[in-house]
Each structure stands twice: as structure tokens, then as C-alpha cells.
Amino acid sequence: MTVGSQVKTCFASVKSAEASLQMLAEKSYDQKSYQAFKETAVIISEIKSDLQKQVILLSKEEPQYN
Amino acid sequence: MPDWVIIIGKSLLLITVLFFLTKWLGKKQISQLNIFEYISGIVLGGIVAIHTIDPESNIFYGLIAMSVWFLIPFAVEFISLKSKSFRNFTEGKSTVFIQDGKIMEDNLKKEGYSTDDLLEKLRDNNVFLASDVEFAVLEPSGTLSVLPKKENQPLTAKDLGLKLAPQKEPQAVIMDGKVLLEPLANLSLNTNWLETELDKMNVSIENVFLAQADNNGQLTVDLYDDKIAVPEPTEKPLLLATLKKCQADLELFALATNNEETKQMYEKNSQKLKTAIDLVQFYLK
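Order-wise, the sequence lines are chains A and B. Numbering of the first sequence is given in our numbering, commencing with residue 274 and proceeding in unit increments. Numbering of the second sequence is given in our numbering, commencing with residue 499 and proceeding in unit increments.
Isolated chain B (complex conformation) (with noise of 0.2 Å):
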């Protein structure tokens, strides 16, 4: 056999090994490897090009090396994620950089941190004064994890004591044109749904792109032709909005009328709209 057929088996057969081994090392990004996986990640692929590349060499020691390679990262991996003590050696702990709004400078020096990477890791988090930290932990992984001082967090709806309506994950119900029924099921609505949905915005299934719909059964569509513009879900304001007026007008009636009874049945009415309105209105917003 020529060499130039030996390497583009070869090259095939280990592309195909890297890319299982690989697999089943699991799916952590490269900024989470620690230093071990990262090592082994390396040999890997260095005993793959030296394979493919020499025809000379015998690939089975390539195997080999490449299965021990592979073999003790995934034991390490497998009993770090049953015991904790193992772990600690294994990934490191992390160290405490800033606790109550202190500096531990030991702990600093520890890590081999100066000033300046602090500052630096801090500004890294959108924190430009180190005294507007509460804590900050340095991760093993190398990142630093700030909690800022209560008065620096952002504002939150729980500050403000907003009732919110729960918010579940949209669906895509329609992709590239083409009906996605499991999604649908999910929602616990069918086609017919959609296609009324659909006519109502007068448009086809067809020039969909990509349609979405909420937990409320709201329908937001974008088109392969974009010119055409789409209507927005208008019901819930809608339906927000027309409540509004009916107390409105109940008030107003009971403002109007001279009959003593009937005031006191729109005044009754209105007062119980109102508290309809403040039921519902954080689902309609």
C-alpha cells in the first residue's frame, strides 16, 4: 500500500477515536478544564498527530496511549463527582478573597493574586471600588465571584414588592416553515389553533420563518418576507383596557343616576371590577 492511503486511514480511524473520546469526556467548556484535563486534552490530540502524519508508526501503541490517556481523566472525573474529599484534591478549593467587605490579604498572597489583579478581576465583574464588595470568592476554576453589598445590587422586582405573573419558556411552534407538533402538545394546543392564529394575522404557514408562543397562548411570528409587517398580541391589553373603561363607566353611572338603589348596584359593581383589575392586571401587562 502507498503511504498516502495508510495516512488517510489512519488519519480517518483517529479522527473518528478523538471525536468519541472527546465525547464521553464530556461537554465542559475549555475556560472550565482544570489543569489535568487540559493536559490530557493536549496528549490526546499531540498522539494523534504524530500518528496520522508518520506512516511508519505502529498504530496500535497509538491506541494505547490514547486509551490511558483517556482512561485515567474519566476515573478522575467519575470518583471526583462521588467524593467530595477527592474533589478537593482533584479541582482545588476555592479561597476567600473578600470577606465583609474586607480584604484578606493573606489569602492573596496565598494565591499568588497582587493588588492589581484583584482590581482587575473586580472591574472583570462591572465593580470599580473594591469597598462596594461584600464578599468575593476566587473559584478554582480562576474566575472570581463577587456578591456586592446589598445598596449595590440592581434593583429587583422583590425590592420594589412588584407582583409579577410567572413567566414559563416560550415554544417555537413553527420553524422554517414547517409545524413543530410536539411543542404544540406541550402548550396543549393543536393545529387548528395555529392556523386560526395564523389567519388572524393574515398570514400562511408558509412565509413563517419562526413562531413562538407563550404560556398564555400568544402567538409572536417572524416571516421569510419582511416587508410585511406583523401585528403584535394586542389581546391582553386589549382586555386590560376595556375593564379599565367598563369601571369607569360604572362609576360614571353611579354618578348619574338619581335612583338611590340603583347607584348603590353600579357603585357595588365598580368597587368589585376594581378588585377584578387588581387581580389580573400583573398577568395582563
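So that you can see chain A by itself, here it is in the shape it has in the complex (with noise of 0.2 Å):
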């Protein structure tokens, strides 16, 4: 795996915890839960632009990979 490939694997993990949590924020009836996976579901997206540019960074440095 190039690197690109594997910043592009976490990136998609991180957007799938993302997903996860807000799905559990949701679902939570409980006000401290709900809160808690919110907050963290905020955080992570903030990772999450973060690896986009890298991803896309690293796509353009490296196109034949592509």
C-alpha cells in the first residue's frame, strides 16, 4: 500500500466512526450520553477535514497511484 492509500483507509475509518457516533447520539435517551457522543462526533470531524486535505494533497503528489 502507498501511503496515499493508507491515509485514504484511516481517512474512511474516521468517517465511518463519525457516522457511528452521531448514529449513538441519536439513539441515546440519556442527556450525558447524547452529550458525550456529540462532543466526541465533533472532535472527530475536525480530524476529519484535517485528513481530507491530506488526501488530497498527497492524491495530486502522487497521481499515478491513483
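Hints are computed from structural coordinates only; laboratory data are not their basis. Glycine included, C-beta positions come from ideal geometry on N, C-alpha and C. There could be a bad hint or two in this list.
To be verified - No farther apart than 30 Å at their CA atoms in a straight line, the calculated lysine-lysine pairs in the DSS-like style are these:
1. B:LYS743 with A:LYS281
2. B:LYS619 with B:LYS647
3. A:LYS305 with B:LYS770
4. B:LYS734 with A:LYS281
5. A:LYS305 with B:LYS783
6. A:LYS311 with B:LYS770
7. A:LYS305 with B:LYS742
8. B:LYS661 with A:LYS288
9. B:LYS698 with B:LYS783
Stated by the list, open to error - Derived Cβ-Cβ restraints for the label pairs, each shown as a range:
10. B:GLN597 with A:LYS305: 38 to 48 Å
11. B:ALA655 with A:VAL315: 24 to 34 Å
12. A:GLU299 with B:ASP615: 55 to 65 Å
13. A:THR282 with B:ASP776: 22 to 32 Å
14. A:ILE329 with B:ASN688: 38 to 48 Å
15. B:PHE517 with A:VAL315: 54 to 64 Å
Mind assembling these two chains? They're in different frames, but the hints should get you there.
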């Protein structure tokens, strides 16, 4: 695996984690756990946007692997 | 009328009356009854017994006696609820047997408890050494309540300083293959959600004997067909594992890259993800 595809895999995992967290937040009827899931989802989405930039950058650097 | 018809009629009437009287007298367990309630219960039963088997007796006398034996305990109970001093009088006070780890011999004597009785009561509470007890009190109902010394109490999450996710009561959402709508609504979920979850597990509603949902919307089911293996809910552990893996990946990328700027970005995000995991991991266990 190239670095680009590794970062892409990680990006996908982060995306799936964010979605799961949001789903859990919506499903929990207890205020505290709702809050915790929501806050975590926000942090994860920040990480996600950083990683997204990196994915785009890497695919520009190594266009032959796209 | 033949006697046997009278007996059947009387029995039916008295059973109904007795049923309602005991219902109104409250839900206390036999073991919680004080001696007065206990006796009045027996007397009520006795009156019913006498009047059912005797066709000659006048049923109205029976009903009058029953109402007296019902009304007085009922009134006593009612007043005890309102007044503390009356309650002390009717139900008695509790007696301290062990205080600050020392046995109160005078109180033991006063209640007619021998040392053996005390040890037996302590053993009932899983205490075999009297010196393990900080405080023990004999309740009016005759049970001994024991507070062990702090070092002899079971370890709790609080002692360990553990943070735990709050837990609410789970709701039964399917019973005997039928969907219960009210508990579902309590969880602010609907039947569509339930069908989706069951589809994920590949089972049909008719086959579900009991299904419960917890406060995070995780569904656990028991099927009529015990040969089918039901998957355990894996959503939360899977999510935690994914988060941990991503964090490890980010650290790895940070080590692998030579570009200083990118390295910092990876490190920053890895740190962020770590705080996120710390924040949420209690809820994912």
C-alpha cells in the first residue's frame, strides 16, 4: 500500500466512526451520553477535515497511484 | 334452599369481600407485617372460615365482624402514615445493637437477644466477625441491618474513582412476538427502527420471544427457536476499536513523514483523537 492509500483508509475509518457516533447520539435518550457522543463527533469531524486535505494533497503528489 | 347451595353462595361472597379487604389493607409482605397486622389478618381469615362452613350462621354478623377487623387496622395504618409519634407507638422503634464497633449489651438484653442470636443475625448478613461491624440496628420488623466498617464493604466504582456511563432501565419492546408500542415511544424509537434492527440480525418479529432495548438503542433479543444463534450487539466495541486504530494510524503517519508541517498536523490530530477516545470510552464499554 502506498502512503496515499493508507491515509485514505484511515480517512474512511474516521468517517465511519463519526457516523456511528452521530447515530449513537441520536439513539441515546440519556442526556449525558447524548452530549458525550455529540462532543466526540465534533472532534472527529475536525480530524476528518484535516485528513481530507491530506488525502487531496497526497493524490496530487502521486497522481500515478490514483 | 339446600345447605350446599347456601355454602357455595356464602363462600363466593366472602371470598370476594376478603379479596378486596386484603387488597385495600396494602401490599406489605408477610415478613414486614407487625404483630397487630398479622393477628388481624388471621382473624379476618378465621371469620371467613367459620362463616363459609356453617350454613346456620348469620352472614351479616360475619360481615359486621369483618368490617370492624378491617376498619381498625386500616385506621391505624392511616394514622401511622400521618403521625410519627403514633407510628413509634404502633410499630415500635429500632434498637441499636452495635455502635462505633462496640456491642451494646444493655440493648441486647432489653430486646431479649442472646449473644448467639446476635451472631446468627450477623451471619445472616454475611458477617462472621462481630468486630467487622461499625453499626448494627434491630429494625422494628425484627431484621438486623448491618453497616460493615469501611474496609469490609464491597469495592465500588466510586472507591476506585472509576467513571462509568449512566445506565437507564432497559425497555422490553417485543413480548411473545408482539411489538409493545409504549416502551418504544419512551425510547423515542418507532417500529421502523425495530424492523431494521431485526433485519440486521436476520430474524423475524414472530420468532422473537423477548426483545429489550437499552438507553443507547442497542437491541438484545431472545428467540423462540433456541437453535438460531443471535449476534451480540457489537456496534459500540467496534466503534471504540475503530477509533483506537485510527489514532494508532495517525501516530504511524506522523513518524513516517519527513515533511515537518504534515508531521505536526498528524501529531495534533492524533492527540485530538486521544482526548476524544478518553471522552467517550466509558460510554462504549
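Verification of the supplied hints:
1. Note on B:LYS743 and A:LYS281: the hinted pairing holds, with a Cα-Cα distance of about 14 Å set against a maximum of 30 Å.
2. For the hint linking B:LYS619 to B:LYS647, the alpha-carbon distance of about 17 Å falls within 30 Å, and the restraint holds.
3. Straight-line distance between C-alpha atoms of A:LYS305 and B:LYS770 comes to about 21 Å, which keeps the hinted pair within the 30 Å bound.
4. Among the hinted pairs, B:LYS734 with A:LYS281 is consistent with the structure: their alpha-carbon atoms are about 23 Å apart, no more than 30 Å.
5. At roughly 15 Å between alpha-carbon atoms, A:LYS305 and B:LYS783 fall within 30 Å of each other, so this suggested pair holds.
6. Proposed proximity of A:LYS311 and B:LYS770 is supported: the alpha carbons are some 15 Å apart, at most 30 Å.
7. Pair hint A:LYS305 plus B:LYS742 holds up; C-alpha atoms about 22 Å apart against a cutoff of 30 Å.
8. The straight-line distance between the Cα atoms of B:LYS661 and A:LYS288 is roughly 27 Å, inside the 30 Å bound, and the hint therefore holds.
9. Between B:LYS698 and B:LYS783 the CA atoms are separated by roughly 21 Å; this keeps the pair inside 30 Å, and the hint holds.
10. A hinted range of 38 to 48 Å for the beta carbons of B:GLN597 and A:LYS305 is consistent with their spacing of about 39 Å.
11. In this structure the hint that B:ALA655 and A:VAL315 lie 24 to 34 Å apart at CB holds, the actual value being about 28 Å.
12. The supplied range of 55 to 65 Å is met by A:GLU299 and B:ASP615, whose beta-carbon atoms lie about 58 Å from each other.
13. Judged by the Cβ atoms, the range 22 to 32 Å given for A:THR282 and B:ASP776 holds: they are separated by roughly 24 Å.
14. At about 40 Å, the CB distance of A:ILE329 to B:ASN688 agrees with the hint of 38 to 48 Å.
15. Separation of B:PHE517 from A:VAL315 is about 59 Å and conforms to the stated range, judged on CB atoms against 54 to 64 Å.
Going down the numbered hints, you'll see the structure goes against none, and every one checks out.
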